[in-house]
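**Q** Below are the chains, spelled out letter by letter.
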Amino acid sequence: MKVRILVSFKDSVLDPQGQTVKNALHTLGYRSVKEARQGKVFELELDKVSEEEARKLVPEIARKVLANPIIEKYTWQIIQDE
Amino acid sequence: MTMIDEKTIKDHGLTLEEYASIVRLIGKAPNLTELGIFSVMWSEHCAYKSSRVYLKGLPTKGKHVIQGPGENAGILDIGDGLAVVFKIESHNHPSFIEPYQGAATGVGGILRDIFTMGARPIAVLNSLRFGPLDNPGNRAIMEGVVSGIAGYGNSIGIPTVGGEIAFEEGYSLNPLVNVFALGLVEKDKIFYAKAEGTGNPVLYVGAKTGRDGIHGATMASAEFGKDTEHKRPNVQVGDPFKEKLLLEACLEVMSTDMIVGIQDMGAAGLTCSTTEMAAKAGAGMEIDLDLVPQREEGMTPYEIMLSESQERMLICAKKEKVGEVQAIFAKWDLDAVVIGHVTEGGRLKVKSKGEDVVDIPVDAVVNLCPVYRRPIKTPEFLRKVSKLPEIPLPADLNEVFFKVISSPTIADKEWIFRQYDHMIQINTALLPGADAAVLRIKGSKKALAMSLDGNSLYTYLDPRQGARIAVSEACRNLACVGARPIGVTNCLNFGNPEKPEVMWQFKEAVGGMAEACRAFEIPVTGGNVSFYNDTEGASIHPTPVLGIVGIIEDIGKALRPGFRTAGDAVILLGENKEELGGSEYLKICAGLQKGVPPGIDLAVERKVHELCLEAITEGLLRSAHDVSDGGLAVCLAECAFHSGKRLGCSIDLGDRIRTDALLFGESQSRIVVTAGPRRAGKVLALARKRKVKARVIGRTGGRDIIVRVRRREVVRIPVGDAFKAWKESIPSRYKIKE
Amino acid sequence: MKFGVVMLPGSNCDHDTFHVLKNVIGRDTVFLWHKDHDLQGVDAVVLPGGFSYGDYLRSGAIARFSPLMQEVKAFARRGGHVLGICNGFQILLELGLLPGAMLRNKDLKFLCQFIHVRIENNRTDFTRAGKKGQVLRIPIAHFDGNYYAPDKVIEDIRANKQIVFRYCDADGKVTDEANVNGSMDGIAGLMNARGNVMGLMPHPERASEALLGSEDGQVIFRSLIEVLEHKGRKAR
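Protein chains in written order, with this note's numbering: chain U, 185 to 266; chain V, 51 to 788; chain B, 6 to 241.
Where hints are given, some of them may not hold.
Covered stretches of chain V, as calculated for chain B (at least 3 residues, CB under 8 Å) [unchecked claim]:
| id | region |
| --- | --- |
| 1 | 205-211 |
| 2 | 467-476 |
Residues of chain U clear of chain B, computed beta-carbon distances all greater than 10 Å [stated by the list, open to error]:
| id | residue |
| --- | --- |
| 3 | 204 |
| 4 | 232 |
| 5 | 252 |
| 6 | 264 |
Hints in this document: simulated from the structure, not taken from any laboratory.
Where is the CB? At the ideal position from N, CA and C, for every residue including glycine.
Chain U with its partners taken away, still in its complex shape (with noise of 0.2 Å):
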């Protein structure tokens, strides 16, 4: 099965690198865009792992090793089941 897991930002942190895309944003002319957040995308492909297995497993890896839960969060999916 593949998991995708998005880590982002706490929204407490101060996240430079999406206020740099937003105010490139607007320099563009997209000034609808009020908001934005810059993250990181894993994906993972789980080997014969099944969904109850998945929901102890992925939340266990991406606390302890994918975000740093000080300044990160986040969420996951499973995006292919096999």
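Put chains V and B on the given structure of chain U with help from the hints.
**A** Then chains V and B, alone, in the frame of chain U:
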């Protein structure tokens, strides 16, 4: 089985005559993979077809030379059992297509050329040329290139300590990214790219092979057309972390006696490394592609042989040491796989899935590429551009001064070099911004100095002269820090050599470079030629870039360019002449790229350097800075800026030449030095002894730059104001406006 | 006394740090390889700067899982002295041995330049050889040096006097302009509550020889040596 027709031959960048030669040399019609091998190895980039006839006129012998042109890098003996390994390479075309990765992989490539010879790289310098910064496309390219160099160099832990950056129309669609690297090695621990000893195993080490950059070498030899988008997959992606592991593992292996030869896989990857290592040893090689670590599925022999995946090396090891070699690479978590062995008979045999897919003589591939003496023709445009129109004398020279000092080519480059870690390895004795990069050698009083200099407009107006000046300027920069030049590497960036005018420019430039190298007695240890810097038929200005290495005998005596104390005598070594041709001033203020470049007498130039060096050794000077882009006024301003305390100067000149030429003309062979009041006399005496024109032109002091000509004040500028204009020119163009 | 300099894949400043400790300051120094479990009986562990694991994922994020780093964590828990420089500081944060995290520099560019820091607390094992308020001229070279911690954490570290260095100007004034990477509260270096683990972003090993522009970095090494060679500890 693909039929090889005329179109296939042309797509591979080969002419029909070259194809006929191949058939004759190998005694059969090549299959597609074999054709691919010849296509990259016989490309301009790898074989120097159009340039060899002129390059062989360069002086390559000298008492310090351990290795001249022909190997991965040049090597010079610097005494105390040590040697320096250095070279310059271009990565122009990839940097236009993908600026970050093009520049990053340029750094990666040149670094491998250094450590493949057993040297730990200790410095990187780069010469960059972009189109004018008021164009957002050029700003994006520069930002990408600088980030790429920083991203790679910082991550692998090698300091980027200097270089040059210039902006000129003509580079907008053809940016130049020339990267120089230098490493230190013990004289008796140098390794060469030889696959010796029949039966000795050949190991593939490093990253896995993918489909990166296939035909990168051929791309470097082709002009760009309007549809360059599809060439994007040809650009390699670098992994500096992988290369750091590779560097450490290779150096560890090379500190033992386990291996016989080693070569990096750069342009033309496996193809180049296998054929060259075999050819250099007069041997042959047999490899099995099934054993090559691959990161993509279903790669064909053609793709595997031509892939330019980065961070890979080919090692010829001693048969009984294979296990130990592999253990070292395993320690650094790198693949090290035996993929073949050395054979007799001088042929490269490649197997894939049990079949022979390549069987060709290596000599034909490596040594028998045709050498061309292409037609040359003096360009028509020279007659027109050599004439300078009537130039009115500007009314306000202060205004001209601000325009010149804030022009990006001349302005401060700190915004750029702050992005490079220039201190890692704790050897950097002079920070970027000085005339040359100076690195101390741990445990020794000696220091290494390096300067990278090129020019385009002078070379366009007079190629022989431009090249002479490029060499002279680099040596002059070294003299200013107290270094004596000992060797040269060069990167020659030109247009399409199939155009007779471009070929003429090349011939003349190489001739000028040879003359100057002889005059300074510095051998050329190798370099790089980048042809086909054209887009849509328009060539760049011919741009020779010189990387010159020098030795400072006593690091304690190395000098900086800035004024040190108020009340010091400002002394001009050399003469002011009325020469405006090819100057930045004319380009910036009148939009003119015309005239003839400043004259140069190489003997006089050398005498000025020798004078400066002796004065530094005798401890007579407080500072030294050469006069170049922007002329004397810019030189004085830079001395003020580098003083660290906005220390100005008061200058009195009596030369009977146009004031704008006096201030901004780029006459050669001039250095501005300062000396304490009691030492000034000694400096002048030394100049008289050495028959060099020198005179006191003023004093340091105050917070302004004041220049009087025959008692009339022509320039008065607060150093603070000039500093601001100089410092903010480039960063201000990158501030996002909200 | 013996120093141990950790060598991770991608530690670039390991050789620099080793050179300063062994050849400039003249103390017994060994490399500690990341795959080993043996701290070789060192008195202090130094995590050098560099790009361990290429800074992939996050700076210092992968390094914290190596076998040697587990030993370093235990060593610190036992009260052993650990100094983290630049990437080393980032690793200490990822390990949880120091509070907070690092973000990208506020101007989104790698910065290599000399800066000034002020000693905020000289009653630490890393700064006792200096004076409170003393200004040190030391270089930085980093992309992710923008220190962040939740407000409550910042309050705690202030109250416990854990802030060791703040960015300042040449005269010792803590200003926004001197804080080139945007760190919260201008924090350039801080230690744990117990006082045996410290991390700082500037590179003291690059400011330990006059030839290279400054010797101010030696204060940190000499402080540690004072503590560990004389086995005395100043009251906090």
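**Q** For every hint, state whether the structure bears it out.
**A** So, going through the hints one by one against the coordinates:
no.	hint	in the structure
1	205-211	holds (count 3)
2	467-476	holds (count 10)
3	204	violated (6 Å)
4	232	holds (24 Å)
5	252	violated (6 Å)
6	264	holds (23 Å)
Checked against the numbered hints listed earlier, the structure breaks hints 3 and 5; every other hint is satisfied.
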